[in-house]
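> These are the residues of each chain, in order.
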Amino acid sequence: MNTLLARARRGEPLDDIGIIDVHGHLGRIGCSAPCAAPDEMIDEMDRLGIESVIVSHSRCISTRPDEGNVQVLQAMRAHPGRILGYVIVHPRSAEWVEGQMTRYVERGFTGLKLHNANGFPYTDDAYRPALAIANERHMPVLLHTWGQPEVLAECRTLAERYPDATLLLAHAGVANEPGYIELAKNAPNVMLDVAVSRGWRGLVQRLVEAVGAHRVIWGSDTFLLGQAHQLGKVLGAGISDEDKVKILSGNARRVLDRVNARRRQS
Amino acid sequence: MTVRLIDAYTGFGGIAPGEREHLPLDEMRAYLAELDIDGALARTVPEDMERDWLSANDILYRLCGEHDGLIPCPVLIPPTAGDYPPEHEQVDRALAGGAGAVQLRPKADNWPILDWVCRPLIQALQERRVPVFLHERDLPLADVPFGDAHSGVPLAAAADLAGAYPDLPIILAGFHYSLMRTLLPLMRTFRNVHMTTGYNFAVHRGLEHLVRELGPEQILFGTGFPVAEPAMYVTQLMYADIADDARAAIGSGNLDRLMKGIVR
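These protein sequences, in sequence, are chains R and S.
Once you know that position 176 of the first sequence is 1191 in my numbering, the rest is easy, because the numbers rise by one and skip nothing.
Once you know that position 125 of the second sequence is 600 in my numbering, the rest is easy, because the numbers rise by one and skip nothing.
Since the hints were made in silico from the structure, they are not lab data.
This one's a predicted model, so the numbers in the text were calculated from it and none came from an experiment.
We treat Cβ as the ideally placed atom computed from N, Cα and C, and that holds for glycine.
Everything hinted at is true.
Listed below are several chain S residues computed to face chain R (Cβ distance under 8 angstroms; list not exhaustive): (1) M476; (2) L510; (3) H679; (4) R680; (5) F700; (6) A706; (7) T710; (8) Q711; (9) Y714; (10) A715; (11) D716.
Model the full structure from these sequences, guided by the hints.
What follows is the structure in structure tokens.
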């Protein structure tokens, strides 16, 4: 047997399918996770066979997100094409948010990451300029979610308001699995990011059966969670290798291709 | 690379509210085969609706005995209410049934880890060097530094037990990935404390950190089936940046050593 799972069982790097991790972090997370340097991230990716990772800085749930953006930019420049960046913002004002988004998109960031631990809904007016830029540039917007119906409702509002952005719902299925499925079915620009520590048995298979493999996308939540651990939920899912490759690689590539195509146009 | 794996934290045969059928043994055996896992230390899971552990344990012994590589991990209970056999009899029965470890569920079975409640049972287990599983959710909430989100962190109770019974192998299971800050010094202080990876030991390079700080001897591969997707713990171990002998020890060697230490 030489399936992806069999290869992983032998510990072989899966370096021939172009794995892209759409949910990574730099910086300290706090949950006893190590604060690894970008070089260590690359070492880990090489051992597993991961081509690239899109990261945001952990300061997205803290003060001074601008300092986090600077660190992500440095990592992107140190590892071009391997480490890509999400801009993080705090909704202190629409002007400030627009300034950050513009500054870092011009420097090559790939998307936007929002986290609601700051007490603001994703529909907050101060986020509008960043979301408008993401929409105009066909970028992915990674949204922290935990199954709450009111948060999924906010995501649905954004999906309708910004139809050219791709909304990646982080931790899809951690709770309220039907809510995620319903949202993905009704919002074509929503994708389900399966980064969850517990990794409920059968979750990936159920999501694929409900919305199709083309709408499920792999993120690990590294440096909080281990990429090696999070790969297993896709590799062990009861789906075809073809669908596993879509989730681990093809879908993210499609998202990035849209960003790059738009860049070339402008 | 080939690494022999024994799943130290899995099970079958139980049922949860809302389910029409119990979890079949074949479902567990199917993933063991798919992931090339040689055997399993099996509990009765889901545990939600089980109340009669004597009967459940007997079923577990019988079904495990019918299949190579399956080792039962029964539940033992202090018999202080008169509803279970005496401590030594429970231990004898477990070992006669082929048990490779036992599980204690203080919270679920309504008893605290206090010496004056459970000393005869713990002593009986220590005399025979029987490994004891403690799951995070089954321990009383002795301290709750992390709040409701993680349903309490009763590591202090496990530490008290480990300190009072240094020859009792204790295996912690189901601890949240954020507990490294506490888990590591606990395992460093009490070398009879072990942990199993399944489930939710998901932290980035967590295995590497533990092996670097403690060596591999106190870590057991486990999947957390049927809650977790078992392959996560296979990929975690197989891709870990650790020496192959450490990988082999975690994969099955440490559990083999603990089970060989049982005085049967």
